[in-house]
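Participant: Here's the letter readout for the chains.
There are 2 protein chains.
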Amino acid sequence: MNEKKYTSPLLLVGGGADSIDVQYAANFDAPDPFLFLGHKGERIVVVSSLELGRAQRVSPPLVPVSPEDLGLPKGKRRDLGQQAVALLRQRGLSAVGVSAVCPVGLVRRLESAGIKVTVRKDPVMPGRLCKAPAEIKALRKIQRTTAKAMRAAVDLIRSSDIGKDGRLMVRGEALTSERVRAEVELLLIRENARADEIIVAGGDQAVDPHERGTGVLYAHAPIVLDIFPRDRGSGYWGDMTRTVLRGKPSPAQRKLYRTVLDAQKQALALVAPGVTGKEIHQRVCDVFDAAGYETGLIDGVPQGFIHSTGHGLGLEIHENPSVSPAGGPLEPGQVITIEPGLYYRGIGGVRIEDAVVVTEKGSSILATCPKVFVP
Amino acid sequence: MNEKKYTSPLLLVGGGADSIDVQYAANFDAPDPFLFLGHKGERIVVVSSLELGRAQRVSPPLVPVSPEDLGLPKGKRRDLGQQAVALLRQRGLSAVGVSAVCPVGLVRRLESAGIKVTVRKDPVMPGRLCKAPAEIKALRKIQRTTAKAMRAAVDLIRSSDIGKDGRLMVRGEALTSERVRAEVELLLIRENARADEIIVAGGDQAVDPHERGTGVLYAHAPIVLDIFPRDRGSGYWGDMTRTVLRGKPSPAQRKLYRTVLDAQKQALALVAPGVTGKEIHQRVCDVFDAAGYETGLIDGVPQGFIHSTGHGLGLEIHENPSVSPAGGPLEPGQVITIEPGLYYRGIGGVRIEDAVVVTEKGSSILATCPKVFVP
Numbered sequence: 001m002n003e004k005k006y007t008s009p010l011l012l013v014g015g016g017a018d019s020i021d022v023q024y025a026a027n028f029d030a031p032d033p034f035l036f037l038g039h040k041g042e043r044i045v046v047v048s049s050l051e052l053g054r055a056q057r058v059s060p061p062l063v064p065v066s067p068e069d070l071g072l073p074k075g076k077r078r079d080l081g082q083q084a085v086a087l088l089r090q091r092g093l094s095a096v097g098v099s100a101v102c103p104v105g106l107v108r109r110l111e112s113a114g115i116k117v118t119v120r121k122d123p124v125m126p127g128r129l130c131k132a133p134a135e136i137k138a139l140r141k142i143q144r145t146t147a148k149a150m151r152a153a154v155d156l157i158r159s160s161d162i163g164k165d166g167r168l169m170v171r172g173e174a175l176t177s178e179r180v181r182a183e184v185e186l187l188l189i190r191e192n193a194r195a196d197e198i199i200v201a202g203g204d205q206a207v208d209p210h211e212r213g214t215g216v217l218y219a220h221a222p223i224v225l226d227i228f229p230r231d232r233g234s235g236y237w238g239d240m241t242r243t244v245l246r247g248k249p250s251p252a253q254r255k256l257y258r259t260v261l262d263a264q265k266q267a268l269a270l271v272a273p274g275v276t277g278k279e280i281h282q283r284v285c286d287v288f289d290a291a292g293y294e295t296g297l298i299d300g301v302p303q304g305f306i307h308s309t310g311h312g313l314g315l316e317i318h319e320n321p322s323v324s325p326a327g328g329p330l331e332p333g334q335v336i337t338i339e340p341g342l343y344y345r346g347i348g349g350v351r352i353e354d355a356v357v358v359t360e361k362g363s364s365i366l367a368t369c370p371k372v373f374v375p
Numbered sequence: 001m002n003e004k005k006y007t008s009p010l011l012l013v014g015g016g017a018d019s020i021d022v023q024y025a026a027n028f029d030a031p032d033p034f035l036f037l038g039h040k041g042e043r044i045v046v047v048s049s050l051e052l053g054r055a056q057r058v059s060p061p062l063v064p065v066s067p068e069d070l071g072l073p074k075g076k077r078r079d080l081g082q083q084a085v086a087l088l089r090q091r092g093l094s095a096v097g098v099s100a101v102c103p104v105g106l107v108r109r110l111e112s113a114g115i116k117v118t119v120r121k122d123p124v125m126p127g128r129l130c131k132a133p134a135e136i137k138a139l140r141k142i143q144r145t146t147a148k149a150m151r152a153a154v155d156l157i158r159s160s161d162i163g164k165d166g167r168l169m170v171r172g173e174a175l176t177s178e179r180v181r182a183e184v185e186l187l188l189i190r191e192n193a194r195a196d197e198i199i200v201a202g203g204d205q206a207v208d209p210h211e212r213g214t215g216v217l218y219a220h221a222p223i224v225l226d227i228f229p230r231d232r233g234s235g236y237w238g239d240m241t242r243t244v245l246r247g248k249p250s251p252a253q254r255k256l257y258r259t260v261l262d263a264q265k266q267a268l269a270l271v272a273p274g275v276t277g278k279e280i281h282q283r284v285c286d287v288f289d290a291a292g293y294e295t296g297l298i299d300g301v302p303q304g305f306i307h308s309t310g311h312g313l314g315l316e317i318h319e320n321p322s323v324s325p326a327g328g329p330l331e332p333g334q335v336i337t338i339e340p341g342l343y344y345r346g347i348g349g350v351r352i353e354d355a356v357v358v359t360e361k362g363s364s365i366l367a368t369c370p371k372v373f374v375p
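Residue numbers (this note's numbering), protein chains in the order written: chain A, 1 to 375; chain B, 1 to 375.
Don't read these hints as lab results, they were simulated from the structure.
All values reported here derive from a predicted model rather than from experimental measurement.
Don't take every hint at face value.
Since the list gives no way to pick out one identical chain from another, each pair is judged satisfied if it fits inside one copy or across any two copies.
[Unchecked claim] Straight-line C-alpha distance at most 25 Å; calculated DSS-like pairs for lysine-lysine:
| id | residue 1 | residue 2 |
| --- | --- | --- |
| 1 | Lys265 | Lys137 |
| 2 | Lys265 | Lys255 |
| 3 | Lys248 | Lys40 |
| 4 | Lys116 | Lys265 |
| 5 | Lys137 | Lys76 |
| 6 | Lys164 | Lys116 |
| 7 | Lys361 | Lys265 |
| 8 | Lys255 | Lys148 |
| 9 | Lys371 | Lys265 |
| 10 | Lys40 | Lys137 |
| 11 | Lys137 | Lys371 |
| 12 | Lys248 | Lys121 |
| 13 | Lys74 | Lys248 |
| 14 | Lys121 | Lys76 |
| 15 | Lys278 | Lys40 |
| 16 | Lys278 | Lys121 |
| 17 | Lys371 | Lys248 |
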């Protein structure tokens with residue numbers, strides 16, 4: 001999972017701006033920002049004595065350097081700018097590359113010390129885009145866990161009774177978004193995964209796709225369940241969405257679900273090397289257009305298909321490639337989500353999402369679970 | 001909790017480099033990077049239609065601007081650089097301030113559009129350093145939850161039996177770091193808090209202060225419990241450490257614990273306005289010196305008192321002010337941790353931590369729980 005060669009020196013900020021790229025390149029992370037330098041095949045990290053032990057145990061091995069090794073006086077040892085200047089001088093470097101997200105303060109410090117700084121084009125770790133077999137294995141594992149959590153959430157909703165005023169009830173208590181979320185989180189913790197922002201949003205709440213959902217869940221309205229946990233072992237993310245309804249859907253709700261499911265199936269079938277994210281996104285738009293669904297501000301609220309079709313999945317929950325109007329041609333080994341959705345006030349929101357790896361000939365779902373609107 | 005006035009325009013990256021400052025200034029966060037501009041008392045955020053609904057509901061009100069409002073063509077709407085140039089031009093601004101952690105790519109984009117960029121000195125939100133009453137209330141709340149979680153962890157260890165080979169056993173199963181961590185995390189989830197990296201480290205594992213701990217816990221060795229959860233409602237962090245031992249401590253372990261406890265008590269008693277973090281840290285060093293404890297590389301491993309005495313606590317787990325050789329004078333309203341520790345292979349690690357708010361005359365513990373070495 002590592003980029004082992006650096007044609008020219010590259011300076012990144014681990015535990016900060018470049019955290020994920022450094023995790024990828026160094027198999028190492030720390031809670032506070034630290035410097036990473038890739039240079040002549042060496043992977044150097046500048047870490048305090050606090051992190052030295054952990055850094056020494058990383059495989060493949062890093063070159064841990066402490067602020068003391070750099071000859072920095074007490075009181076200046078924690079300053080990343082001082083550390084960077086000292087490290088580059090020690091290695092005889094008068095020029096270095098950084099990422100576009102490198103802190104401007106660090107760049108100005110280097111420049112004022114006479115070091116030439118080149119901002120590298122994204123991605124600085126191009127190897128991250130196409131996943132190696134070990135990475136795909138890690139992604140399949142966390143996605144299997146995600147599917148397990150999804151089944152638990154759906155089971156809980158299915159097991160509910162419909163109380164007065166249409167509230168969902170479990171063992172005499174109203175079923176809330178918070179309750180479903182807690183059920184999912186407890187399961188994920190047992191699986192060594194973490195999820196901070198699970199979405200359990202019913203009715204009009206789901207029309208705002210980033211609203212996590214709060215309060216009592218009701219019958220006869222779609223409930224969007226979007227679960228995206230990170231494996232605490234590997235660091236890779238899973239991502240899956242299902243939409244379910246307890247009770248009786250209206251014809252408008254049924255049509256909404258059917259259309260999104262159709263769009264997702266068509267988009268999934270399109271995924272293959274050489275096909276662009278733009279083409280896949282356009283197919284979803286075409287399915288929605290053909291069914292008569294419009295997108296735009298309705299009563300001042302964005303409604304319709306108001307997000308992109310998907311995104312890359314890896315050490316970040318949202319990474320390249322994009323499955324959107326800006327999406328380029330796909331390549332084998334890329335892992336993307338396909339998650340069309342439609343959102344209208346008074347009807348509700350429907351989103352259905354799976355993650356796939358692009359294969360030589362098409363794609364393969366990482367892991368899945370049933371898609372049933374009324375479970 | 002907001003800085004409502006901006007004497008000159010300040011551009012920050014929310015959901016990214018300046019995430020915490022934007023949370024503080026705007027009461028708003030999003031999973032992907034977005035622009036924040038503080039200008040003439042207005043707090044402007046550039047958010048996609050996906051986040052517009054949530055941004056419109058923030059109180060006190062923000063000025064949400066969409067990429068469409070900025071006249072950006074499709075395909076360029078997601079580019080923060082394009083957004084920033086368009087936003088500043090729309091507002092008639094030819095100069096702007098940024099933070100030292102602003103992505104260099106964004107700065108270069110602004111400069112190439114002829115906009116003068118000034119890197120502001122830290123902190124860009126100086127109001128964050130001294131907490132307002134509502135913030136202290138939020139910090140006390142999460143620290144009470146932290147104390148509750150700590151009591152549960154200590155209770156679990158106390159309830160264990162000592163099995164063969166000195167393993168701690170609970171109901172016939174070996175008690176592991178993972179098991180204690182799960183117990184704490186489940187409790188925290190029920191309290192709407194999250195903790196990703198709780199430390200439960202026994203014996204020599206604890207000698208590496210950032211090692212989270214793994215595997216079976218043993219009797220007759222100190223176990224460091226460091227719990228730092230974030231309140232998912234308020235966003236504020238708690239932080240507390242206790243060290244416990246099940247079984248019989250050796251004289252060396254007893255002395256280690258007594259010395260750390262003494263240092264912590266003396267440091268806590270020193271906290272008051274005008275006293276510097278440096279002075280408090282020095283007091284801890286003096287207590288350790290007087291007891292004959294040395295710090296440095298021993299057998300190539302950093303041992304002794306190998307971290308600073310404490311740090312600021314707020315919307316970040318580690319923030320200013322520092323209680324270290326670099327620490328300046330304290331002010332009322334600042335919230336800091338006091339967490340001296342000593343770590344020696346063969347004896348183990350001991351760290352004891354509480355968080356206090358600096359008051360007009362001294363300090364006040366946010367919340368606490370007993371400090372008992374052999375519970």
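Participant: Next step is simple, just say for each hint if it's right about the structure.
Facilitator: Evaluated hints:
In this assembly of identical chains, the alpha carbons of Lys265 and Lys137 lie at most 25 Å apart only when taken from the same copy (24 Å versus 50 Å across copies). Proximity of Lys265 and Lys255 under a CA criterion of 25 Å is satisfied intra-copy only: 15 Å inside one chain copy versus 67 Å between copies. Taking identical chains as interchangeable, the C-alpha atoms of Lys248 and Lys40 are never at most 25 Å apart, the minima being 64 Å within one chain and 52 Å between chains. For the identical chains of this complex, Lys116 and Lys265 are neighbours neither inside a copy (50 Å) nor across copies (49 Å), given an alpha-carbon limit of 25 Å.
Proximity of Lys137 and Lys76 under a CA criterion of 25 Å is satisfied in neither setting, with 43 Å inside one chain copy and 34 Å between copies. Taking the shortest alpha-carbon separations for Lys164 and Lys116, neither the intra-copy value of 70 Å nor the inter-copy value of 62 Å comes in at or below 25 Å. Taking the shortest Cα distances, Lys361 and Lys265 sit within 25 Å of each other inside one copy (17 Å), while across copies they are farther apart (67 Å). Taking the shortest alpha-carbon separations for Lys255 and Lys148, neither the intra-copy value of 27 Å nor the inter-copy value of 49 Å comes in at or below 25 Å.
In the homo-oligomer, the alpha carbons of Lys371 and Lys265 lie at most 25 Å apart inside one protomer (11 Å), although the nearest pairing across protomers, at 59 Å, exceeds that limit. In the homo-oligomer, the alpha carbons of Lys40 and Lys137 never lie at most 25 Å apart, since the shortest distance is 30 Å inside one protomer and 52 Å across protomers. Only within a single protomer do Lys137 and Lys371 lie at most 25 Å apart by alpha-carbon distance; the minimum there is 24 Å, versus 45 Å between protomers. Within a single copy, Lys248 and Lys121 get their C-alpha atoms no closer than 52 Å, and across copies no closer than 59 Å, so neither meets the 25 Å cut-off.
In the homo-oligomer, the alpha carbons of Lys74 and Lys248 never lie at most 25 Å apart, since the shortest distance is 69 Å inside one protomer and 39 Å across protomers. Taking the closest pair of Cα atoms, Lys121 and Lys76 come within 25 Å of each other only across two copies (17 Å); inside a single copy the shortest separation is 31 Å, beyond that limit. Taking CA atoms no more than 25 Å apart as the test, Lys278 paired with Lys40 passes in neither setting, with 38 Å inside one copy and 40 Å between copies. Taking the closest pair of Cα atoms, Lys278 and Lys121 come within 25 Å of each other only inside a single copy of the chain (22 Å); across copies the shortest separation is 42 Å, beyond that limit.
When the C-alpha separation of Lys371 and Lys248 is checked against a cutoff of 25 Å, the pair qualifies only within one copy, where the shortest distance is 17 Å, while the shortest distance between copies is 57 Å.
In this structure, the earlier hints numbered 3, 4, 5, 6, 8, 10, 12, 13, 15 are contradicted, and the remaining ones agree with it.
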